[in-house]
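Participant: So the chains spell out like this:
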Amino acid sequence: MFYPVQKFADFVVFKLLNIRQGTKLASALNFFIFDTIKIFILLFIIVFVITFIRSYFSPEKTRSMLARSKGKTFLTHILAALFGIVTPFCSCSAVPLFIGFVEAGIPLGVTFSYLIAAPMVNEVALGLLYANFGLKIALIYIISGEIIAIISGIIIGKLGLEKYVEDYVFRIKVGNVQEFEEKKTMKMRLKETLNFTLELIKKVWVYVVVGIGIGAWMHGYIPAGALASLAGRHNPFAVFIATLIGIPLYSNAAGIIPLVSEFRRLGVSMGTSLAFMMSVTALSLPEMILLRRVLKPKLLAVFVAIVGSGIILTGYLFNIILG
Amino acid sequence: MIVKILGGGCANCKKLMENAKKAAEELGISAQFEEVKDYEKILGYGVMRTPALVVNEKVMFSGRVAGVEEIKKILKKENA
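Those sequence lines, one after another, are chains A and B.
Going from the first sequence to my numbering is simple: count from 1 and add 16.
Going from the second sequence to my numbering is simple: count from 1 and add 188.
Worth double-checking, as some hints may not be accurate.
To be verified - Pair ranges (Cβ atoms, derived):
| no. | chain 1 | residue 1 | chain 2 | residue 2 | range |
| --- | --- | --- | --- | --- | --- |
| 1 | A | L91 | B | S218 | 24 to 34 Å |
| 2 | B | K209 | A | S43 | 44 to 54 Å |
| 3 | A | K218 | B | G232 | 27 to 37 Å |
| 4 | B | V256 | A | P313 | 39 to 49 Å |
What the hints assert, rightly or not - Coverage of chain B stretches by chain A, computed from C-beta distances (three or more under 8 Å per stretch; other residues unrestricted):
| no. | segment |
| --- | --- |
| 5 | 224-237 |
| 6 | 256-268 |
Hints listed in this document are in silico derivations from the structure and should not be mistaken for laboratory results.
Where a beta carbon is used, it is the ideal one built from N, C-alpha and C, also for glycine.
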């Protein structure tokens, strides 16, 4: 599929820039051009497809479905976590969504399964993982994100933490929640999807290119295996530390994933890399500050601890499975 | 005409406000703009996804930033 891209990279480096084949500069530049184009093509396709699927779902529909399937059954949690992937919302909607869900009588644990799954499975991260590491790793990313969301929600539900939700939340009366969606033709839907995809790529492209650039630099100057003793699979603390480092970093998932392949070359294990990436995308400081408006500190701490533990466990699990 | 933007004050909300002001300006409609950041009020409109556009107390859409052209169409219709 990427044969023409390779042709193009060869043409630019060997013909246009006239750099001799076989030199370090030529191979680094060739790699950079090929990789950048490949990643953007895959990123575009994946974000487009996910955005298109998402145009058929909405949090309003999710809310009414979850409210109807009363109870805290296992199935409700699975449903909530699945909806979390496919419903689109920006992180500043986390608070109104939380209030809206609780008000509709959806159990706290189920609400959390939904709210955890949404940022955990991030379309840009998914696209970049697929572009860099293939289908298997991308699937592992989705499945482990879902499992963490389901289990965290169940635990939070079992702990009975409703009293740690800010009191005003229960007093808010939600107005008539309507489906504001106008009837959309397929053409409108595709056009909206295309616009959104282009907007998103415009927002993240700098991070991606900088990430690839730093990766290319590391490729040339840092020897393979340099981090193996520090963050290899034999250091029992690697996953733990990587997760902690990832929590305060945010929105740079787009810049971190292109780097992960370099981390791998330097000896960082896959589980550690995945844990790092998940903690970057799923536990972010800005979102916690937002959630603080509806959750008392204790519940917020429980939330961070449970999701963090889930990520750490996943990291260790994949270090065992993938090495 | 009263135009309200519902949202917690994130970048998307600001962008929507900008687009709405531009749309009104281009149409030559005199409108009164208001930012609604209070979650109680936002949810009172039945809105769970921000940002949302409210024109004369009617929710037009929620959860996305519409372009200037689209908002112009909405304002024209509401102004008629």
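Participant: Between the segment 256-268 of chain B and chain A, see if three or more residues pass the 8 Å beta-carbon test, and mark the coverage as holds or violated.
Facilitator: n = 0 at 8 Å, threshold three: violated.
Participant: Kindly confirm whether 24 to 34 Å is satisfied by the beta carbon distance between L91/A and S218/B.
Facilitator: violated (54 Å)
Participant: In terms of beta carbon proximity below 8 Å, does the segment 224-237 of chain B have 3 or more residues touching chain A?
Facilitator: holds (count 10)
Participant: Return holds or violated for the Cβ distance of V256/B and P313/A against the range 39 to 49 Å.
Facilitator: Holds - the Cβ-Cβ distance for V256/B and P313/A, about 42 Å, lies within 39 to 49 Å.
Participant: Per the hint of 44 to 54 Å, is the separation of the Cβ atoms of K209/B and S43/A within bounds?
Facilitator: At roughly 52 Å between Cβ atoms, S43/A and K209/B fall inside 44 to 54 Å, so the hint holds.
Participant: Range first: 27 to 37 Å. Now tell me if the beta carbons of K218/A and G232/B are that far apart.
Facilitator: holds (34 Å)
Hint compliance for this structure: hints 1 and 6 are broken, all remaining hints hold.
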